[in-house]
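Please construct the entire structure, taking both the sequences and the accompanying hints into account.
So the chains spell out like this:
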Amino acid sequence: MRLLPGLNRAVGSAAASTLALALLVCGCVFAAMAGPAISLHTRSEALHQTLAGLAPTTKTVQVGANWSDFTSALTFYANSSPQPGLTGRTFAEARRQVRAAMAATPLPLGPGAWAGLSSTSFIVAAGAPARAFYGPSPPKLEVLYRDPLTSNATQVAGSLTGPAEPAGTIAVAATPQTAARFALHPGSRLTLATAGATVTVVVTAIVRQRGGGSAFWQQDPVAGVPSLATPAGGSPYWVGGVIADPDQLAAIQNAFIGPGLEMQWEFPLAVGGLNADQAQGLYGALQRAATVTPALTTMEAAADTLNVSSPLAADLSEFLGTQAGIQTVLLLLFVSLIVIAAAVILLAARMMVLRRDGELGMLRARGGSLGQVAAVMGRGALVAVLPAAVIGAGLAIAAIPGGAASSGLGWSLAAVAVAVALAGPPLIAAWQYRKPTPQPPGGAGPPGAARWLRSPRARPPWRAWSCCTIRASRPAAGSTCSWPRRRCWWPSRSW
Amino acid sequence: MAAAPVLVAIPVVVIMLRLYPLAVRSLFALSARGTGATGFVAMSRATRSSLTGVLPAFALVLALSLASFAGMISGGITRGETMASWDTTGADVLIQPGPASAPITPAVMKAIGSVPGVRHATGVFSTAWVTPFGQPVTVAAVDPAGYAALVAATPFPSFPVARIGAVPSSAGSVPVFASPAAVAVLGRGVTQLTTLGPAGQVTVRVAGIVDSTPAEPAGGTFAVMALQALSGPFGPPAPNMILVAGSSIDGTRLSAVVKNTLADAAVTFRASVLASLASSPLQHGAALIVVLTLVEAAVLGLFIVLLGLALGSADRELTMARLSVMGHERGTELVMAEAMPAVIMAVVAGVACAVALPHLIGPSIDLSAFTGTSVPVQFQPDLIALALPAAAVLALALAALAAEARTLRRRGVTGMLRAH
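Read top to bottom, the protein sequences are chains A and B. Take the first sequence: its position 144, counting from 1, is numbered 144 in this note's numbering, and each next residue is one higher. When you read off a place in the second sequence, starting at 1, and then add 1000, the result is the number in this note's numbering.
Treat the hints as calculated values from the structure; they're not laboratory data. Be aware that a few hints might be false.
Here are some of the chain A residues that sit facing chain B, going by a computed Cβ distance under 7 Å [claimed, not checked]:
| hint | residue |
| --- | --- |
| 1 | Ile-326 |
| 2 | Leu-332 |
| 3 | Ser-336 |
| 4 | Val-339 |
| 5 | Leu-346 |
| 6 | Gln-372 |
| 7 | Leu-382 |
| 8 | Leu-386 |
| 9 | Val-390 |
| 10 | Leu-422 |
Derived contacts from chain B toward chain A, CB cut-off under 10 Å, selection only [stated by the list, open to error]:
| hint | residue |
| --- | --- |
| 11 | Ala-1009 |
| 12 | Phe-1269 |
| 13 | Pro-1281 |
Distance ranges between label pairs, derived from CB positions [stated by the list, open to error]:
| hint | chain 1 | residue 1 | chain 2 | residue 2 | range |
| --- | --- | --- | --- | --- | --- |
| 14 | A | Gln-287 | B | Gly-1197 | 45 to 55 Å |
| 15 | A | Ala-314 | B | Phe-1234 | 19 to 29 Å |
| 16 | A | Ala-16 | B | Leu-1022 | 32 to 42 Å |
| 17 | B | Gly-1327 | A | Ala-16 | 24 to 34 Å |
| 18 | A | Ala-399 | B | Leu-1398 | 48 to 58 Å |
C-beta: ideal position from N, C-alpha, C; glycine also.
And the structure:
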């Protein structure tokens, strides 16, 4: 119950104006937060729709290197004797460092990353059944090494750890589709004709794809399902892929040493929680990743051999172009709206000051300082603006899908509205009462007198102020004044 | 760029504030010659109307211009989406036979024409041709009369049947209408076009230029000629596309007819294309925000009018009270005559600002982003978008002033004069 008298004192005789200011602030804060929030929500929705339509391999960052270049650089800078290839440890270390470099870009890396080696496709010189031939064209087969294989494949037959094979032989796994086309089963052998030598692949297991739509399997579709290749000007042929067993890293490097072996690291990007405002940052990071040499640590010597790319950059660029076109217009509207809102709030503030004219005039006439005048109006503004702003912001956060709190622009615009509403009444009052009101004899004048005095029509020249004041206090002295007695607003003692 | 409306409004308001006293003084001089006191008193007070303050005037001009501007954007988006839908289908319905479709025969055309709502249906034979220099040109061969009737039911430029004719001219060349890009390829003289199809070769002559046409709505390098002018070994070729026009076509029935007669043909309704354009998240959301901005600007504009009038209401009421004591009974007219010049001036300035804005910032704004297509969208002043907010502000000001005058009459002048 103590609150009401306090409120009464704070708002004075401008209850209606203060209420109007509160409503305005509430509406303006709501609008300031709702507009950008709706904008962000719809843009994010559109971004998610765009991303959902993309293939998993598109939403990745892909790092590639020629095996020969990468291993040579490592060997040369280590000033050591030439190594036949990467050990399991260095392969894992390379993967860790590349991932760390991508994460430091910074890129939002998600689960499902893999690293691998891939050969070009070689003609199957022996062991292929008739069904693998397309007319007279023999099939081709590529051999891949993918890590991790076990978490992306389900073993159907055989084993992923076969017995030790002689040099030039690689133990591999095939999918049921590849097995069907090439008539493969655990124990099958195919001979591939490579440049200058032959390589034998021994099937040790048949594995089924786990998450067939994932980047692991979609990056090179023939790894899972053979396809009919139709080269321009050539005869069609079947091409398939087999995946080397996890312990065959050394074997695959030994078998395909040379320019045909490529290294790959693929990192799916976690774009599920990406909002439209973050899209520009991701695009910039992807561009940076593609143009700046990855910051490897102990393998820095081989960093120059890495090629980083992301198919997502092109799609993001298109989205950002559309978004920029829309944002230009929306930002223009938002800024103009907040300027109008600020002007309306200032009008309401002026109305508040006008309604408390008598009170403020009295305060000044009794010797109140400008600070006191501003404080009186500031209190009135504070009790109205702060709760109204909180209500407006709360309504916006509750009502706007996706939450209005996530839009930085919304908070900025709302802050402008609140600042104007808080600062407006004290500043306007201080400006209007910057000159002290002369105290009429016998106390303050009637309500509205000060305002009348300040109105352009009634305000006498500054010399007349003193003239009227003198006339009011000392009638005899006033007779020397040239300002007409009838234009002094308070009666002189001679009246 | 974001501050452009504010930066445009500032000079407009400065000019308005300079011109306003001149206008009011002129009205004051006119009213001084009259016999009534209302105009004279109102105009004399109008020179000090509170709306002539910088802040309300600036805010009202900006609100009006923003409301009009948002209305123009909204209108532009709607126009753009409509244009994009026409550019996608070319007509209200586009029927494209599939590989397993039966040929488009007169019987098929008749069946489609009998569907309720179909006003015009015409077949088009669209194929790729090359010039002697190997430049590709898409040729749309049509039945001139039927095609002209269909074009008339679309927003595309009309198709003058008489200039294209139905048979080759005496010189042996077929008159064609060509797009500007095709004219650059074909030239103004006689040119030979070749196709891999049965029609083989045809000698054409550009009889006119057409920027866009339903048979080739996407534009590009195209020419339109009479279907009868193409004669293969079995006569003119059968159309490979059907364009249908009609305002309220029975879509279900049409789809059924097409399925029965052409089997796997693709039927694309322009209304569906338009709906999908308008409902895509980015475009739909952005258009919604523009409409909300329009509403917000209008509401704030109304607040400005009310607050602006309220700021000067005490003085007006006092004047009315004094005049009432002196026997003056036309209080409402007095209040309106005093306050409305400032409101009208602000409305005029707001409209001027709104007209200027598209010209100043239009080239920097790409509204095609709102339509989700590459079809360019013209950003132009819209009469409704200009007039509606202005009319709303004027109506509200009149209503507020009338209410103010009525309130005073109810309160009575005695109390007011005593209070002052």
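Hint check, failures only: 6, 7, 8, 9, 10, 12, 15, 18
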